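There are 2 protein chains.
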Amino acid sequence: MMKSKTVTAAMIIIGDEILSGRTKDANLNHLAAWLGDHGIQLREVRVIPDDGDIIVRTVNELRTSHDYLFTTGGIGPTHDDITAENIARALGRPFVQHPEAYAVLKQHYGPEGLTEARLRMAMMPEGAELIDNPVSRAPGIHVENIFVLAGIPVVMQAMLKDVAKRISGGDKTLSKTIHVFHGESFFADILGEVNEAFDEVSIGSYPFYHDRAYGATFVLRSTNDGALEAAVKLLKEKITGGGHDCFDGEPSFRSDPKE
Amino acid sequence: MMKSKTVTAAMIIIGDEILSGRTKDANLNHLAAWLGDHGIQLREVRVIPDDGDIIVRTVNELRTSHDYLFTTGGIGPTHDDITAENIARALGRPFVQHPEAYAVLKQHYGPEGLTEARLRMAMMPEGAELIDNPVSRAPGIHVENIFVLAGIPVVMQAMLKDVAKRISGGDKTLSKTIHVFHGESFFADILGEVNEAFDEVSIGSYPFYHDRAYGATFVLRSTNDGALEAAVKLLKEKITGGGHDCFDGEPSFRSDPKE
Numbered sequence: 020m021m022k023s024k025t026v027t028a029a030m031i032i033i034g035d036e037i038l039s040g041r042t043k044d045a046n047l048n049h050l051a052a053w054l055g056d057h058g059i060q061l062r063e064v065r066v067i068p069d070d071g072d073i074i075v076r077t078v079n080e081l082r083t084s085h086d087y088l089f090t091t092g093g094i095g096p097t098h099d100d101i102t103a104e105n106i107a108r109a110l111g112r113p114f115v116q117h118p119e120a121y122a123v124l125k126q127h128y129g130p131e132g133l134t135e136a137r138l139r140m141a142m143m144p145e146g147a148e149l150i151d152n153p154v155s156r157a158p159g160i161h162v163e164n165i166f167v168l169a170g171i172p173v174v175m176q177a178m179l180k181d182v183a184k185r186i187s188g189g190d191k192t193l194s195k196t197i198h199v200f201h202g203e204s205f206f207a208d209i210l211g212e213v214n215e216a217f218d219e220v221s222i223g224s225y226p227f228y229h230d231r232a233y234g235a236t237f238v239l240r241s242t243n244d245g246a247l248e249a250a251v252k253l254l255k256e257k258i259t260g261g262g263h264d265c266f267d268g269e270p271s272f273r274s275d276p277k278e
Numbered sequence: 020m021m022k023s024k025t026v027t028a029a030m031i032i033i034g035d036e037i038l039s040g041r042t043k044d045a046n047l048n049h050l051a052a053w054l055g056d057h058g059i060q061l062r063e064v065r066v067i068p069d070d071g072d073i074i075v076r077t078v079n080e081l082r083t084s085h086d087y088l089f090t091t092g093g094i095g096p097t098h099d100d101i102t103a104e105n106i107a108r109a110l111g112r113p114f115v116q117h118p119e120a121y122a123v124l125k126q127h128y129g130p131e132g133l134t135e136a137r138l139r140m141a142m143m144p145e146g147a148e149l150i151d152n153p154v155s156r157a158p159g160i161h162v163e164n165i166f167v168l169a170g171i172p173v174v175m176q177a178m179l180k181d182v183a184k185r186i187s188g189g190d191k192t193l194s195k196t197i198h199v200f201h202g203e204s205f206f207a208d209i210l211g212e213v214n215e216a217f218d219e220v221s222i223g224s225y226p227f228y229h230d231r232a233y234g235a236t237f238v239l240r241s242t243n244d245g246a247l248e249a250a251v252k253l254l255k256e257k258i259t260g261g262g263h264d265c266f267d268g269e270p271s272f273r274s275d276p277k278e
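Sequence order for the protein chains is A and B.
Be aware that the first sequence starts at 20, since it is given in my numbering, and climbs by one per residue.
Be aware that the second sequence starts at 20, since it is given in my numbering, and climbs by one per residue.
Since the list can't tell identical chains apart, any single copy or any two copies may satisfy a pair.
In silico BS3-like links for lysine-lysine, alpha-carbon gap of 27 Å or less:
hint : residue 1 : residue 2
1    : K257      : K125
2    : K180      : K43
3    : K257      : K195
4    : K195      : K255
Please keep in mind that the hints were generated in silico from the structure rather than gathered at the bench.
For clarity, every value in this text was computed on a predicted model and none was experimentally measured.
Could you build the full structure based on these sequences and the hints that come with them?
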């Protein structure tokens, strides 16, 4: 049997606007699903303010404890765009002008348009590589195991195309979903038993309330396909054996925005 | 002049389903705005997996460094509902049956329906108070400076009514917003100058792209109303003095879901 390989990631969302409630983050969910598709397990996310010392401390805690670290937010030309300089500080690397980024900006703005503020977008930790930004000006940054991405969702998502070439995933986590139209407490013992019986399978129970329908969705996850199928089979047998119906997949209103 | 009072909070979102990308968190934004309305600054959010040791470590890091700590997710009757027992572990408190929670469950399920799984919902850190849950069965928990809330948004939001009676906020952060229809890099120097000129005001610059309109929104925030107004006035003067138009508030498409 092949040895399984787990590859992990953490994410830092940098932004006062998220913590104040002004802006709804849309990057966490997108990155989480994208990483899963690439065989990388997102293990922790932190949302922190635009504060250099906090960025440095958080980057250093998470980059050493995960295979990859992703940040979103705080790249660009204004005074509150402080991510790049603090990534450099965290890594103990000089903060220098990147020749390629400089050339791109010079072409776009012309030599007279290259203000000090715009030149900030060419400043990177020494040795960093640019991540292509097909939407706007400020490139992303790849340095060591860190990917520094934009905060604007459309830009962040566009940058992932370039990131995909630079990462290497492990075993994909597979999942199977079933649901019931009874409260989850009816199935708590069964769920616990099946969870205990399969070391390699984790089971989550998520109650739902939708208009007057309620029930629970059970999500089984594993990197081992055989164990996953066996756990699903056992759980279904136990549910129907107890006199309840169960159904494959998510309930049909799952994508309903009202949920 | 009255001394200003800053009250801070942190939030822990407990849930494999958020980290796997299955579920979009909807609690962060709601709690962030709610705390702001109550004069409490949300300073850090962490999303962590359903793992007892990680919950204990994260709770202990954040409860001691903030005035309040909020958790969402992992309360209920199933094997993956491990928040309450790990809050007890973090605080070094016994994990005991709460008489009032027990009475509520007994009334709802009847003495025969009180399975071991359902009784889990009456287990709390010793000395905890219940947070009223008007939607479903599992109550929230208030212990020391920690509020343990449900993960399901409609339940979590309903619990905040009871939480409101138990918190005490500080100075409210006020904000003013203006926007321009030019790239933020045109205004980077001006923004930096105004930001420097007012110690008590922080300024965020948020570019937007909307169909073919683009520009930037500038958000000024302060607990000092006078300083805020003066900073807004100075920023507007500098923008119009540089030959650009600026407009109050968010751009009109701000609430458009396409943004």
